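> For the record, the sequence lines run as chains L and C. Here my numbering is used: the first sequence runs in plain steps of one and ends on residue 455. Here my numbering is used: the second sequence runs in plain steps of one and ends on residue 1455.
If you are wondering where the hints come from, they were derived from the structure by calculation, not from laboratory data. Treat the hints with care, as some may be off.
[To be verified] Output of the computed footprint for chain L on chain C, the stretches with three or more beta carbons under 8 Å from beta carbons of chain L: (1) 1116-1130; (2) 1227-1240; (3) 1272-1282; (4) 1289-1299; (5) 1319-1329.
[To be verified] Far from chain C, some chain L residues (derived; all Cβ distances over 10 Å): (6) Met-35; (7) Pro-37; (8) Gly-85; (9) Asp-94; (10) Arg-109; (11) Gly-112; (12) Arg-160; (13) Trp-161; (14) Arg-169; (15) Glu-212; (16) Lys-216; (17) Pro-288; (18) Asn-314; (19) Gly-354; (20) Ala-441; (21) Arg-443.
Since we're looking at a predicted model, the values are computed, not measured. C-beta atoms are modelled at their ideal positions from N, C-alpha and C, and glycine is treated no differently.
Number of protein chains: 2
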Amino acid sequence: MPGGTLSTRPAVFTSLDVHDVRFPTSEHLDGSDAMNPEPDYSAAYAVLRTDAGDGHEGHALAFTTGRGNDLQTAAIHALAPFVVGRRVDDVLGDLGAFSKEMVHEPQLRWLGPEKGVVQMAVGAVLNAAWDLRAKRAGQPLWRLLAHLDPEEVVSLVDFRWLTDAMTQREALTLLQRAVPGRAEREDELLRRGYPAYTTTPGWLGYSDEKLERLAKQAVADGFTQIKLKVGADLLDDVRRMEVARAAVGDGVRIAVDANQRWDVGDAITWMRALAPYDPYWIEEPTSPDDVLGHATVRRALHPIKVATGEHVANRVVFKQLLQAGAVDVVQIDAARVAGVNENLAILLLAAHHGVPVCPHAGGVGLCEMVQHLSMADYVSVSGTWTDRVVEHVDHLHEHFVTPVQLENGRYRAPLALGGGGEMLAASIAAHTFPDGPVWAARRAPQAVAAEGILA
Amino acid sequence: MPGGTLSTRPAVFTSLDVHDVRFPTSEHLDGSDAMNPEPDYSAAYAVLRTDAGDGHEGHALAFTTGRGNDLQTAAIHALAPFVVGRRVDDVLGDLGAFSKEMVHEPQLRWLGPEKGVVQMAVGAVLNAAWDLRAKRAGQPLWRLLAHLDPEEVVSLVDFRWLTDAMTQREALTLLQRAVPGRAEREDELLRRGYPAYTTTPGWLGYSDEKLERLAKQAVADGFTQIKLKVGADLLDDVRRMEVARAAVGDGVRIAVDANQRWDVGDAITWMRALAPYDPYWIEEPTSPDDVLGHATVRRALHPIKVATGEHVANRVVFKQLLQAGAVDVVQIDAARVAGVNENLAILLLAAHHGVPVCPHAGGVGLCEMVQHLSMADYVSVSGTWTDRVVEHVDHLHEHFVTPVQLENGRYRAPLALGGGGEMLAASIAAHTFPDGPVWAARRAPQAVAAEGILA
């Protein structure tokens, strides 16, 4: 308009860039389990940019294990029309509406619905938007979320298909009940950090010696829970469980994780063989889609707890796991469902059913992102961290701008702005697939060797 | 080898080509429902070629509703390494192993697992392989399947995660029980065709007059069941149901289909309002992932039947729908799960639980493909067609090499070789997105108009 200046024009989103970033983790069997013998931890990495001129960008990622990361990257690209060209304040000011627009897009939803690469793509874009909103608000994401009005939290959640388990009013009441204690819990969180457990000792590919050494180290580092991968060979698992129990003593919880390897009957038989070593929970005993199967396993194995969720595609399956009494532990993942919004729905459902949430993390960037959700849950949703722990795996943190900080077995509450998922530009460039230097070198080892000789 | 000839070298797969084919169906509201207001029926279309020199190719498709068909196409491309360069006889001779290799690929499975575009891509490649196998055997697919030994059928099925509901032995017994009646049922099928029902009258976008006219036409054409889309507006649905019931009379079944529109409570309320018009089944009352929700709806609405399945991603969810008594009708889809193999698993599960299978079809090519599964089920799995009907929608059949043939409300058993999903080359070329002439014209209407003036 005449006389107007650039600064009065509302800022718009100018781009959604996506990078295919992969780490060659299969070379060291870090991350090896019964279903993922050789994962290359990867990120379909999203960056939202605006013309606000404030220096802020929104960063987040969808995690994959290598092949297929290109499909995940393409799925995020497909969501660009939802955001590029739109006013930043409109989108960030109503992330509930933004979420629903993407989740319910009538043609794209056919590819799920609400599952697979499209669902994870929605999660990445939403999480990038939340990262940007937190940065613009001058807050770490956990604190931004923890300070939202209960009414806004409810507006962020998609209650479609949830109301037989939890109504909007019930969710609002739950959130309002937590308001009075928020300030005190925030102080406590900042002082003490959030409880963690570690999976670092327990990968399937590790020798007994390495398991023992790392398990002892975990206890020395202040962890009160470790986790072992199981499910490939029963005799191996019994031996490894014995090694681990001897290493950590009786006072430390040992969770075990079968990564979906078993049928229902196998899960029960196998876990009964491990029971003498007092496993704390069995994680992913069977298909992540099998609500009734988990319920059967849980009834049979009591008091061993049953945990699942890292591969659960959406809130509807979590709802049923809770309705059926199928799990003792809900394991959200920052990058599997439709972002912060759907994870808020799951935190509310779990709190409403009185079931603890112990997030899945590890991979690449998952610890950095998911810690914010548990911290917000503690301050303003469930209001407790009793029997709650966030997974910690000591891999790939060096690639992030604000890596997680563990202290005495607890996550220190991050003070840096945003949602935690921002990767270093140099790491993105080095690991871009297939043409970044890390992969170019692996693709043509002879050529690289020849270059070395010639140089 | 010296002295060998080309003809003694075993044939290998030379290519997996994939085409992004879209039909602008949104322009006429064919296919409109409560969740898909404006679908463009599309196919991520796969072609397997070999160097056998026998003229046979394997054709199949994954169905989508428009946007995202490029992602589905890319997902099929990603499976090329599983097939290109391999010996044709090795792959086609053990399609059970081939299926498991793709479904359980440890890195790609992270993107599901067993759901979304990767799952549908596995389905397309497997279905193309089955199409080729049937053509090489000189058989229509239904007849090839119906003549397999029970032992081979069991070897095709992935029993992972199924054994708490059905063991391999139980499946084998069921199949063996059907062997003595196979020949008689095959004759009956060839004589009479397989029962169908029609959705053609009932799209949401149609006027009452069009609904009435098409409903009467359906009865005149010999159908004993029609289907109406519901779920957008209750008063509209009551009126449309009244129109439809008056048009078809009392002797014809009217199924209704909400396409996932409702929460559990809504489904019950809404269907009670339609109950006076005697709806036969309510299809997709709520989320396709909500096993427990369907069970609740079914209990509340008895004797109205509950049907679902076209969006159910895999056999594990079907297993639970049956275990929980959540459905009266199982609706398989030829292109949603991991192909013929997983659909055999679902047919076996349904037969084991005594629940009829009434496939979802329509879209593009879904009738052509899925009829083979119901016919094989009749001859050699469940052994009955009582209360079984295959959906028929009268759209887009003209694009197929061997379109379905309906006669007096029944599918005639196809005699042409293969699985039915082969599209005409001219249709593929015309509708390729975005550069085929059908889409180029829509992208640049002014340019096309200008060309017309200049010509």
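> Determine for every hint whether it applies to the structure shown.
Going through the hints against the structure:
no.: 1; hint: 1116-1130; result: holds (count 5)
no.: 2; hint: 1227-1240; result: violated (count 0)
no.: 3; hint: 1272-1282; result: violated (count 0)
no.: 4; hint: 1289-1299; result: holds (count 6)
no.: 5; hint: 1319-1329; result: holds (count 4)
no.: 6; hint: Met-35; result: 6 Å, violated
no.: 7; hint: Pro-37; result: 6 Å, violated
no.: 8; hint: Gly-85; result: 17 Å, holds
no.: 9; hint: Asp-94; result: 22 Å, holds
no.: 10; hint: Arg-109; result: 7 Å, violated
no.: 11; hint: Gly-112; result: 6 Å, violated
no.: 12; hint: Arg-160; result: 7 Å, violated
no.: 13; hint: Trp-161; result: 4 Å, violated
no.: 14; hint: Arg-169; result: 14 Å, holds
no.: 15; hint: Glu-212; result: 27 Å, holds
no.: 16; hint: Lys-216; result: 30 Å, holds
no.: 17; hint: Pro-288; result: 7 Å, violated
no.: 18; hint: Asn-314; result: 7 Å, violated
no.: 19; hint: Gly-354; result: 18 Å, holds
no.: 20; hint: Ala-441; result: 20 Å, holds
no.: 21; hint: Arg-443; result: 15 Å, holds
Violated hints, listed in ascending order, are 2, 3, 6, 7, 10, 11, 12, 13, 17, 18; each of the other numbered hints is respected by the structure.
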